[in-house]
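Enquirer: In case you want the letters, here they are:
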Amino acid sequence: MAQQKIVVVGGGLAGLMATIKVVEMGMDVDLLSLVPVKRSHSACAQGGINGALNTKGEDDSPERHFQDTIYGGDFLANQKQVWGMCETAPHIINMFDRMGVMFNRTPEGLLDLRRFGGTQHRRTAFSGATTGQQLLYALDEQVRKYEAEGKVQKFEGWDFVSAILDEDGVCRGVTGQELLSMNMRAFKGDAVIMASGGPGMIFGRSTNSLINTGAAVGKLYRQGASYANGEFIQIHPTAVPGDDKLRLMSESARGEGARVWTYKDGKPWYFLEEKYPAFGNLVPRDIATREIFDVCVNQKLGVNNENMVYLDVSHIDTDYLNVRLGGILEIYQKFMGDDPRKVPMKIFPGVHYSMGGIWVDNQQHTSIPGLFAAGECDYSQHGANRLGANSLLSAVYGGMVAGPEAVRYAKGLTESTNGLSEKIFDDQLKVDEEEISGILSMNGEENAYKLHQEMGQVMTENVTVVRENNNLKRTDEVLNDFMERYKQINIQDSLKWHNHAVSFVRGLEGMMDLAKAITQGAYLRNESRGAHYKPEFPDRNDEDWLKTTMASFDASSREPQFSYEDVDTSMITPRKRDYTGGKAGAK
Amino acid sequence: MTENGKTVHLIIKRQDGPNSESYVEEFEVNYRPSMNIVSALMEIRKNPVNKKGVETLPVQWESICLEEVCGACSLLVNGEPRQACSTLVDQLEQPIHLAPLNTFEVERDLIVDRKRMFEALMKVKAWVEIDGTQDLGPGPRLNERERQFAYELSKCMTCGLCFEACPNVNDKSTFMGPAPIAQVKLFNTHSTGKMQEPMRLDEIMKEGGITSCGNSGNCVEVCPKEVPLTKTLGYLNRDTTLYSFKRFFYDG
Numbered sequence: 001m002a003q004q005k006i007v008v009v010g011g012g013l014a015g016l017m018a019t020i021k022v023v024e025m026g027m028d029v030d031l032l033s034l035v036p037v038k039r040s041h042s043a044c045a046q047g048g049i050n051g052a053l054n055t056k057g058e059d060d061s062p063e064r065h066f067q068d069t070i071y072g073g074d075f076l077a078n079q080k081q082v083w084g085m086c087e088t089a090p091h092i093i094n095m096f097d098r099m100g101v102m103f104n105r106t107p108e109g110l111l112d113l114r115r116f117g118g119t120q121h122r123r124t125a126f127s128g129a130t131t132g133q134q135l136l137y138a139l140d141e142q143v144r145k146y147e148a149e150g151k152v153q154k155f156e157g158w159d160f161v162s163a164i165l166d167e168d169g170v171c172r173g174v175t176g177q178e179l180l181s182m183n184m185r186a187f188k189g190d191a192v193i194m195a196s197g198g199p200g201m202i203f204g205r206s207t208n209s210l211i212n213t214g215a216a217v218g219k220l221y222r223q224g225a226s227y228a229n230g231e232f233i234q235i236h237p238t239a240v241p242g243d244d245k246l247r248l249m250s251e252s253a254r255g256e257g258a259r260v261w262t263y264k265d266g267k268p269w270y271f272l273e274e275k276y277p278a279f280g281n282l283v284p285r286d287i288a289t290r291e292i293f294d295v296c297v298n299q300k301l302g303v304n305n306e307n308m309v310y311l312d313v314s315h316i317d318t319d320y321l322n323v324r325l326g327g328i329l330e331i332y333q334k335f336m337g338d339d340p341r342k343v344p345m346k347i348f349p350g351v352h353y354s355m356g357g358i359w360v361d362n363q364q365h366t367s368i369p370g371l372f373a374a375g376e377c378d379y380s381q382h383g384a385n386r387l388g389a390n391s392l393l394s395a396v397y398g399g400m401v402a403g404p405e406a407v408r409y410a411k412g413l414t415e416s417t418n419g420l421s422e423k424i425f426d427d428q429l430k431v432d433e434e435e436i437s438g439i440l441s442m443n444g445e446e447n448a449y450k451l452h453q454e455m456g457q458v459m460t461e462n463v464t465v466v467r468e469n470n471n472l473k474r475t476d477e478v479l480n481d482f483m484e485r486y487k488q489i490n491i492q493d494s495l496k497w498h499n500h501a502v503s504f505v506r507g508l509e510g511m512m513d514l515a516k517a518i519t520q521g522a523y524l525r526n527e528s529r530g531a532h533y534k535p536e537f538p539d540r541n542d543e544d545w546l547k548t549t550m551a552s553f554d555a556s557s558r559e560p561q562f563s564y565e566d567v568d569t570s571m572i573t574p575r576k577r578d579y580t581g582g583k584a585g586a587k
Numbered sequence: 001m002t003e004n005g006k007t008v009h010l011i012i013k014r015q016d017g018p019n020s021e022s023y024v025e026e027f028e029v030n031y032r033p034s035m036n037i038v039s040a041l042m043e044i045r046k047n048p049v050n051k052k053g054v055e056t057l058p059v060q061w062e063s064i065c066l067e068e069v070c071g072a073c074s075l076l077v078n079g080e081p082r083q084a085c086s087t088l089v090d091q092l093e094q095p096i097h098l099a100p101l102n103t104f105e106v107e108r109d110l111i112v113d114r115k116r117m118f119e120a121l122m123k124v125k126a127w128v129e130i131d132g133t134q135d136l137g138p139g140p141r142l143n144e145r146e147r148q149f150a151y152e153l154s155k156c157m158t159c160g161l162c163f164e165a166c167p168n169v170n171d172k173s174t175f176m177g178p179a180p181i182a183q184v185k186l187f188n189t190h191s192t193g194k195m196q197e198p199m200r201l202d203e204i205m206k207e208g209g210i211t212s213c214g215n216s217g218n219c220v221e222v223c224p225k226e227v228p229l230t231k232t233l234g235y236l237n238r239d240t241t242l243y244s245f246k247r248f249f250y251d252g
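If you're matching them up, the sequences are chains V and G in order. Just so we're aligned, residue 1 is where the first sequence starts under the UniProt record's numbering, counting upward by one. Just so we're aligned, residue 1 is where the second sequence starts under the UniProt record's numbering, counting upward by one.
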C-alpha cells in the first residue's frame, strides 16, 4: 500500500495539534490554510487556558474543572467528552510549557494561574494577555520542524472548496483553490480533519477575525454533515465597539480584578458585584452579557445614555497590569486613544464564539465517514455556554483526539484512497470549476460585501442576546430574501490573481444556509438555556429540551431539517443553574 | 458628502498581478469616526468606484484579526511601514497614500509575498526540540525576569515591517532579516531550547546572518510590537563571538 496521508483543513490550534499527532503516528499531512497558519484566529485568544494544575493550594482538580464546565454550559454538553478534555487539560498545559511557551511565572519559576469566569478556583495558565498567540506560535514552530523534515506539506493561501465523497459517501479528500493563482486541485486523503474555526462573520461585526466566515462548515453542511446546537452563540460581555470589528477585552481583566460599573443615581453602581456576591464580576459570560444588556437597553443606564458600561482596571497597580494584561491594554489604547491604566474602558457585549458546530461523536468523527472535525468548528465541549479559557483547551484537545483517531481510521480502511479511480476526484473538481465559472459570470446589481453586512445586522439584532419568536420567524424570511438577492450579485472582479471576491461569494452561500440553521434552531427551542435566552420562555426546560439540536440540509427545499439527540448526562445529574448564591460550581 | 472632513481621500499604488505594471488610482470614501485603513479599504470593496466616478476593480489587500496580533495587514501608509488595522485615519494627513511593501514581491495590489520570512524561521530552527507530545510532566522552571525578556521576543508576528525598514534587506544582499535572527535569542533563552543553541548560532554566523546587520536601528523604530530587535541582535553578536572562541579552542 502506498504511503497513506491525512488532509487537515485549518491551521489554528486544532488543526496544528491534529497535524502534530498524525505525524507522530507516522503518517504524512497535507495542511491547507486560508492564511499563513501563524496568522490564524487562535492568535486572538487572550486570557489563558484552563487546566486544574492545583498549584495554588485551593484543592482544585480535573473533577472540579469538569463540574464547572458542565454547570457553566447549562448541562447541554455530552459529559464523557467534556470529562476527557478536563482530565487531559493539565497534560496539555505541561506540553505547551515543554514547547517553550512563555507563560507567566510565580516567584519560584512555576506556572502562575489566575481566575476566570464561572469558577472559584485559579486554574488558568496565561502568557500576558496574548495567550492564544503564544500557544499558536508554539504549535506553528513544532509543525515547521516537521515541515523541514518533509512530513508536513503546508498549502497556505489555499481556500477549502469541497469535500470529495466517493460513491459510498466516504470522504476521500478535499478540493482547494489557491488564492494567488486561482488554481484548483484535489487533495487526496485517507481521512480529512476539519479545523476551520467558528462562523462569527455570519453576524457581521464580531470579535472574530475576518477569516472566521464559517464558509467551509457551510459547504460541508450543504454536502451532508450534521450541524449541532447552532443556536448557541456566545456573546462576550466585554468588547469594544469599532467601525470594522468589535475588539475583545479579555475576561482575564476581570480575573485580575477589573470591575464592571455604570452610574446610577449619580453614584458608581457595581451591578454584577451587587447581584452575584460570590462570583462578582466573574459570573459566566452569558449572565454578564444579559446583565449589561439589561442595564443599557431596558434600564437605560448606559454610560452617557449609550450602549456602554465601564470595565475598570484603573485602581490596579500599573506594573502589575503591564505584566499580566499588557497586550489588551495596548490594543485599547491604540484603537480608542485612552489609557485604560488611568481611565475606565467603555465596553458592550459582542458576538464572540459558537458553541454549536459540526456534529461529532466522542472521537471527533462527523456524520460523514472519513471526515473528522476539531476546534470551534465542532460542537462538542461547551454545551449552552462556554466558560472563559476553555476555548484554547477545547481546540487543542479536539486536535489531540482527532489526529490519532483519523490515523486509526485510515489504517483500518479496506481500500486506501490511492487505489481509487481518478473519477471521483475529477468529478468533484468539475463541479467546483463550474461553480467558479458561474460566480465569475454573476453580473447583477448586488454587492456581495454589502449583502453580507446587511445579513450581519439582521442576525445581530434578532439572533443574539434576546430572542423573540416573532423576530426569529421574520429573520428566517429575510434570510430567504437574502438568498434571492444573492443570485443578483455582481462579481465586480474579473482578474485571475487573488480574486478574493470569488472565494467570498462562494462562501457566502453556505453562510446563509448556516444562518438559517442557527435562526430556526433558536426559533424551535422554546426555553432559555445558557446563551439562548427567550423572554417568552424564561426557564430551562429539561423535560422537553435537554437535547442536542441536529440540523441537516435538505437540498430540494434549501431548508434545514431538525432532529434531536439525547444529551449524555451519565456523570452529573442536571440541576438548576444559579450563580446568585455561594459555591454554585461545586457540588 | 465631499466637504472638508467628511470624506477620506486615498491614493493607492495598484498592480493587477505578479508580472503586471503598477499604476496609481485615487478613491474617495465617506468618513466615519474611528475609521482605520482597513475600514477605509472595506468601503472601496463595497463600492468599487474610483474618484473620477468610474467603476474599477476592487482593491485587494491582506487583513485578518484587525487588532494587531496576526501581522497580516502590513503596507506603506504615507511612505511609512505600518499595520493597516491600527493606523487610524484621524491621525493621518490627507490624501493618504497606500502602497505595498517594497521589500517583497507584489502579488496583487497591496498583497506581497512574505514566504521568505517563514523560510528564514525554518533555517534558524526557531523551535524548542521536544521528544514528542506525550505526557512527560511540566517543563523546566523559568525565572520570571527571564520570562519577561523572552516574552517580548515571542510577540513577533512575522509582519515584515522590520524587513521593509532595514537598509540591509534588499535584492543585492543575502541578509535574512532582523525578525528571524531575533527569534534565535528567544529559543536560546529557554533552558531546553538552549540545548540546540550551537545549531542556531552556526546558522546565523553564515553569510546573510548576523554580520549582515548594519546596526541602523531602523527595525526597532517600526516594529508594531516593540520587539527589542537591535538590543537582541547586539546580544547575539556577543553570543556568536563567544561561541566562535569556544568552537576554536575546544572543537578546533
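Because the hints were derived from the structure by calculation, they are not lab data. Quick caveat: nothing in here was measured; it's all calculated off a predicted structure. Hints may be right or wrong, so weigh each one.
[Said to hold, decoys possible] Straight-line alpha carbon distances no greater than 30 Å define the calculated DSSO-like cross-link-like pairs of lysine-lysine that follow: (1) V/145 to G/13; (2) V/450 to G/13; (3) V/264 to V/342.
[As the list claims (entries may be wrong)] Over 10 Å on every C-beta distance to chain G, these chain V residues come out as not near it, computed from the model: (4) 56; (5) 130; (6) 266; (7) 339; (8) 361; (9) 555; (10) 568.
[Claimed, not checked] Facing chain V, a subset of chain G residues (Cβ under 7 Å, in silico): (11) 16; (12) 32; (13) 67; (14) 72; (15) 76; (16) 80; (17) 95; (18) 122; (19) 190; (20) 194; (21) 198.
Glycine included, every Cβ here is placed at the ideal spot set by N, Cα and C.
Enquirer: Next step is simple, just say for each hint if it's right about the structure.
Expert: Each hint, compared with the structure:
1. V/145 to G/13: Violated. Residue 145 of chain V to residue 13 of chain G sits at ~37 Å, over the 30 Å cutoff.
2. V/450 to G/13: Holds, because 25 Å separates the two Cα atoms, which is no more than 30 Å.
3. V/264 to V/342: Holds, at about 22 Å.
4. 56: holds, 15 Å
5. 130: violated, 7 Å
6. 266: holds, 28 Å
7. 339: holds, 16 Å
8. 361: holds, 23 Å
9. 555: holds, 31 Å
10. 568: Since the minimum Cβ distance to chain G is about 26 Å, residue 568 of chain V lies beyond 10 Å and the statement holds.
11. 16: Constraint on residue 16 of chain G satisfied, holds at 6 Å.
12. 32: holds, 5 Å
13. 67: holds, 5 Å
14. 72: holds, 5 Å
15. 76: violated, 18 Å
16. 80: With a closest approach of 15 Å, the residue 80 of chain G hint is violated.
17. 95: violated, 20 Å
18. 122: holds, 5 Å
19. 190: At about 4 Å, which falls below the 7 Å cut-off, the nearest Cβ of chain V leaves the hint on residue 190 of chain G intact, so it holds.
20. 194: violated, 10 Å
21. 198: Not OK, violated: residue 198 of chain G not within 7 Å of chain V, min 17 Å.
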